[in-house]
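Each protein sequence line maps, in turn, to chains A and B. Residues in the first sequence are numbered consecutively from 1, following my numbering. Residues in the second sequence are numbered consecutively from 338, following my numbering.
Everything labelled a hint here was simulated from the structure, so no lab data went into it. Be careful, since some hints might not be right.
[Unchecked claim] The calculated DSS-like cross-link candidates involving lysine-lysine, where the alpha carbons are at most 25 Å apart (straight line), are: (1) A:Lys72 - A:Lys335; (2) A:Lys72 - A:Lys215; (3) B:Lys348 - B:Lys672; (4) A:Lys7 - A:Lys215; (5) A:Lys182 - A:Lys11; (6) A:Lys335 - A:Lys70; (7) B:Lys552 - B:Lys344; (8) B:Lys387 - B:Lys364; (9) B:Lys344 - B:Lys586; (10) B:Lys365 - A:Lys3; (11) B:Lys519 - A:Lys72; (12) A:Lys70 - A:Lys27; (13) A:Lys182 - B:Lys364; (14) A:Lys249 - A:Lys3; (15) A:Lys215 - A:Lys249; (16) B:Lys407 - B:Lys672; (17) B:Lys365 - B:Lys387; (18) A:Lys182 - A:Lys298; (19) A:Lys3 - B:Lys348; (20) B:Lys672 - A:Lys7; (21) A:Lys249 - A:Lys72; (22) B:Lys340 - A:Lys11; (23) B:Lys672 - B:Lys552; (24) B:Lys586 - B:Lys340; (25) B:Lys552 - B:Lys519; (26) B:Lys372 - B:Lys586; (27) A:Lys3 - B:Lys519; (28) A:Lys7 - B:Lys409; (29) B:Lys344 - A:Lys70; (30) A:Lys11 - B:Lys348.
There are 2 protein chains.
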Amino acid sequence: MYKRLGKQTVKLQNPPAILSYAAVAGKKEGEGPLKACFDYISDDSYFGEKTWEKAESHMIKQCFSVACDKGKIAPSALDYIFAGDLLNQCVSSAFAMKDSHVPYFGLYGACSTMAESLSLAAMTIDGGYANTVCALTGSHFCSAERQYRFPLEYGGQRPPTAQWTVTGAGAVILGSSGQGMKITHVTTGSINDAGINDANNMGSAMAPAAYDTLKAHFADTGRTPDYYDAIFTGDLGALGHDILQALFKADGVELGPRYMDCGVLMFDLNAQEVFCGGSGCGCCASVLGGHILRGMEKGVWRRILLAATGALMSPTSSQQGDSIPGICHAVAIEKEG
Amino acid sequence: MYKRLGKQTVKLQNPPAILSYAAVAGKKEGEGPLKACFDYISDDSYFGEKTWEKAESHMIKQCFSVACDKGKIAPSALDYIFAGDLLNQCVSSAFAMKDSHVPYFGLYGACSTMAESLSLAAMTIDGGYANTVCALTGSHFCSAERQYRFPLEYGGQRPPTAQWTVTGAGAVILGSSGQGMKITHVTTGSINDAGINDANNMGSAMAPAAYDTLKAHFADTGRTPDYYDAIFTGDLGALGHDILQALFKADGVELGPRYMDCGVLMFDLNAQEVFCGGSGCGCCASVLGGHILRGMEKGVWRRILLAATGALMSPTSSQQGDSIPGICHAVAIEKEG
């Protein structure tokens, strides 16, 4: 059976259920508006490790363990893990999962990784290849700062368009059987290069990709934004949020208050000095694994669309004058009954 | 229908056909034993670009175009692209595909990327999500050297266990209908950490992962090595090749001459000063897209198993004293009739 709707979307025939989920966050994230929804908040930016890269890996592993524990799912029961992160060669997720003995697909989707991993996890289950699959990612402010920008000790100044890489991780375990929240549709983005080359303005670089993918999702499914109780972008931040809203407004579509951005939700933008808000793989992942899925379980929302955005650049590509292409992957999560 | 055999393998119900394939290589690779099988050999290590990173991206894009052209497939007819590479944040494949307008899944599997991308490409077709999908990767000696080891100008010395990152790219386009060579089975590896921490000895780090995945493939499918006319590992090199052979020998299994390694095949190890042979995403990719699939088409082999290996490390993880975990993904390619 051909499950594709339109150019970019697939409709899952047997929508995989969310069996378990978890979110782990750092201290600053744990002081923000979403503090009540994380499974664990670490006061120690090193998570007990000696380096920030190892801390990031530790956090991702911890998040994976919490998700397994909450769902009473032994890691050995998993058929696949889909994971990735922002570190060079995606080492934090690889080292986090190196002793899991679970078939492992490494991904690189930059900050879109949570939706990319959920997309492929859902497709492998619905395709008949697996019963139980984990989608997993995370990021760490300190490891990202020194890799992408400056050593923290340098005390680099940030422009107002900058965002703050979230120290956080999210894990979602999907199953072929189960009740409640299910992944029903997957819309996969193509790369969109809007020509932005300011590495301190990711919202502007990624908003056009979010616009493309959301527009494709609505066209492919025949749905309108008001089908969803809430639409979340991953980490466009305050500026990208407004750009996306304006792009739809120009089409005569009002996204309205149902549209939120995980990077804006994560922090108190007035008090926490994060400028345009949160970013990083862990932003969307920990907001999903904390705030969003808990909210759905409590009945706050019944149908949501998660559209995680990523900037496909490296410090080297920026230094060589390249633009910052964006990508956005979307998954629809709907609750039965 | 549940398509899984054992712990790590899936059997594709409607095995996707190889509609087209291509291989592009650098000058040194084009002087080696496989020179007759590449679609294009560049005498210019810059591929007409200003930096080696842009050269790598150019080469991957060129390989993609050749594969589309050879198969008379318009890029707009593709439902997905699965691609990745070795550069930080996988920029060479992302920039290569940024104007393709095709739904894009970015992967990071280190040198296992060709088999990882083929695995997921085949599963999305057999799962009913796509009709036509491209799997794509590549690597470049000069960009890899300066990222992983030293600037070329430094003239760093290599130990005898070292390998030579292949300048090359490979692309394979799969389709839901078509005759001839088909992907029949996919065996997905878990991460295997053998505790090796010598970044100049990747063969030793990756051979245990190859052993695990091949053993799982044989156990899951009930096949023995002699089912295949040829078994290719990705880039274990001469030392890793011998280690893998010895590991199987200890189990009483003789892989024999049907077992070859793409890194050994790529160069003349006596004359080309590459020590243990080729490595990099582009090694297995260009040997597959050149030598192997051409050989199958000519009737040299009818059934082959491609087991691409990757080392999930970064310069940072090595500098922080971490070991080098390996991974290996395998795909069975069989020709009808």
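Compare the structure with the hints numbered earlier in the document and write down the numbers of the violated ones, lowest to highest. 2, 10, 11, 13, 14, 20, 21, 24 and 26
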